[in-house]
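Novice: Residue-level listing of the chains:
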Amino acid sequence: MADHASDGLAGRLAEIRARHPQSEPGMVAEVVHAVLATMSGDLSAQETSLLAEVEALGHTIAHAKAEIAALRVDDIRDNHIPFATDELDAIVEHTATATNAILTSCELLDQVAGDLTGEPATKLQDATTRIYEACSFQDITGQRITKVVATLKTIEAKVTQIVETFGNGAGGMEAEVSAPTEAALLNGPQHPAVAMDQSDIDRLLASFE
Amino acid sequence: MPIDKSMNVLIVDDYKTMLRIIRNLLKQIEFNNVEEATDGAEALAKLRGGSFGLVISDWNMVPMTGLQLLQEVRADARLKTMPFIMITAESKVENVVAAKQAGVSNYIVKPFNAETLREKIEKVLGHG
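Residue numbers (this note's numbering), protein chains in the order written: chain A, 1 to 209; chain B, 1 to 128.
Take the hints with a grain of salt, since some may be wrong.
[Said to hold, decoys possible] Here are some of the chain A residues that sit facing chain B, going by a computed Cβ distance under 8 Å: (1) Cys135; (2) Ile140; (3) Glu156; (4) Thr160; (5) Glu182; (6) Gln190; (7) Phe208.
[Stated by the list, open to error] The calculated lysine-lysine pairs, modelled on DSBU-like cross-linking and capped at a C-alpha distance of 30 Å, are: (8) B/Lys110 - A/Lys147; (9) B/Lys80 - B/Lys5; (10) B/Lys100 - A/Lys153; (11) B/Lys16 - B/Lys5; (12) B/Lys100 - B/Lys16; (13) B/Lys46 - B/Lys5; (14) A/Lys123 - B/Lys16; (15) B/Lys27 - A/Lys123; (16) B/Lys80 - A/Lys123; (17) B/Lys16 - B/Lys27.
[To be verified] Derived list of chain A stretches under chain B, where covered just means 3 residues or more per stretch with a C-beta under 8 Å from a C-beta of chain B: (18) 75–87; (19) 100–109.
FYI, nobody ran anything at the bench for these hints, they're computed from the structure. Note that CB positions come from ideal geometry on N, CA and C, so glycine has one too.
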């Protein structure tokens, strides 16, 4: 009895698949519902329960698909991410302009220090040294912002892939391409909490000698 | 023997603000003959066409990285013993190891201070 029902079910599913080769998640629930309705007399309680679960799964997938569509990924891709990257670019540009203005003033102070002697000259030069050191923040923040922009672009690509997978059924997720050896080394500034400082690097270099 | 501070120093960075900062810090420790290059290829051309006593280079540049520049320098018969300091924000162990294997003379992690720069220069020029 069960074998007869299974054969019948397999046949009917094959027929439906042939008619709908690119089935949508919502269609799964519809198909299961139709199968249940037409086969109620042929199915065991276990098979009926299983098909009910498949039907529920179909509803869940259709619901997830609708939620993903509601994310408006095209809006994220076309507006939000370009806006965020433009803002970050502007931050880099503004801080670069400010840093160069500070450096110009600092170079002038250095010239003044050259005309002085004794303690005032030393104090002024010490101060300009600290300013030069501090101005390197611009390079570090620029590299950090570049990393953030790269992260945004990765998010954009991943979300687009998810929507394409669920929405159009076009291909699965692509495997990540492994980076060339040196590119993998270029990660920019590390977070201070985990980065090696100069003394760590000095120790590491000394270990080679 | 004191360091010859009249030597030509080549600083290499694709970020002009950083070149300006390093140039000023070098000036404060009395290295006044400083030339700049904004990428590895330009640096290599200057090194091959001139006479320098020290190279201070960033790593993260395109198209030629600081590491590739270092490898080119070490592969060049005339330049292979050139003191070469890498100044970079890349501070992972594998970066330092790769630089050392390529023959770097010393390695400074950004952000750095003037004292670290002075100390490393003295060390690679044999006075540290």
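Novice: All the hints need checking, so say for each whether the structure fits it.
Specialist: Results for each hint:
1. Cys135: With a closest approach of 5 Å, the A/Cys135 hint holds.
2. Ile140: A/Ile140 check passes; min Cβ-Cβ to chain B is 6 Å, inside 8 Å.
3. Glu156: The hint is violated - A/Glu156 has no Cβ within 8 Å of chain B, the shortest such distance being about 22 Å.
4. Thr160: violated (26 Å)
5. Glu182: holds (6 Å)
6. Gln190: holds (5 Å)
7. Phe208: Since the shortest Cβ distance to chain B is 5 Å, the answer is holds.
8. B/Lys110 - A/Lys147: With a Cα-Cα distance of about 16 Å, the restraint between B/Lys110 and A/Lys147 holds, given a limit of 30 Å.
9. B/Lys80 - B/Lys5: Distance ~21 Å between B/Lys80 and B/Lys5 Cα, so the pair holds.
10. B/Lys100 - A/Lys153: violated (33 Å)
11. B/Lys16 - B/Lys5: Status holds; Cα separation ~23 Å.
12. B/Lys100 - B/Lys16: holds (26 Å)
13. B/Lys46 - B/Lys5: holds (19 Å)
14. A/Lys123 - B/Lys16: Roughly 27 Å separates the two Cα atoms, so the pair holds.
15. B/Lys27 - A/Lys123: holds (16 Å)
16. B/Lys80 - A/Lys123: Judged against 30 Å, a Cα distance of about 40 Å means the pair is violated.
17. B/Lys16 - B/Lys27: Measuring from Cα to Cα gives roughly 16 Å; hence the hint holds.
18. 75–87: That given contact is violated, which follows from only 0 residues of the stretch 75–87 of chain A lying within Cβ reach (below 8 Å) of chain B.
19. 100–109: Since three or more residues must qualify, the claim that chain B covers the stretch 100–109 of chain A holds, with 4 doing so at under 8 Å.
Checked against the numbered hints above, the structure violates hints 3, 4, 10, 16 and 18; every other hint is satisfied.
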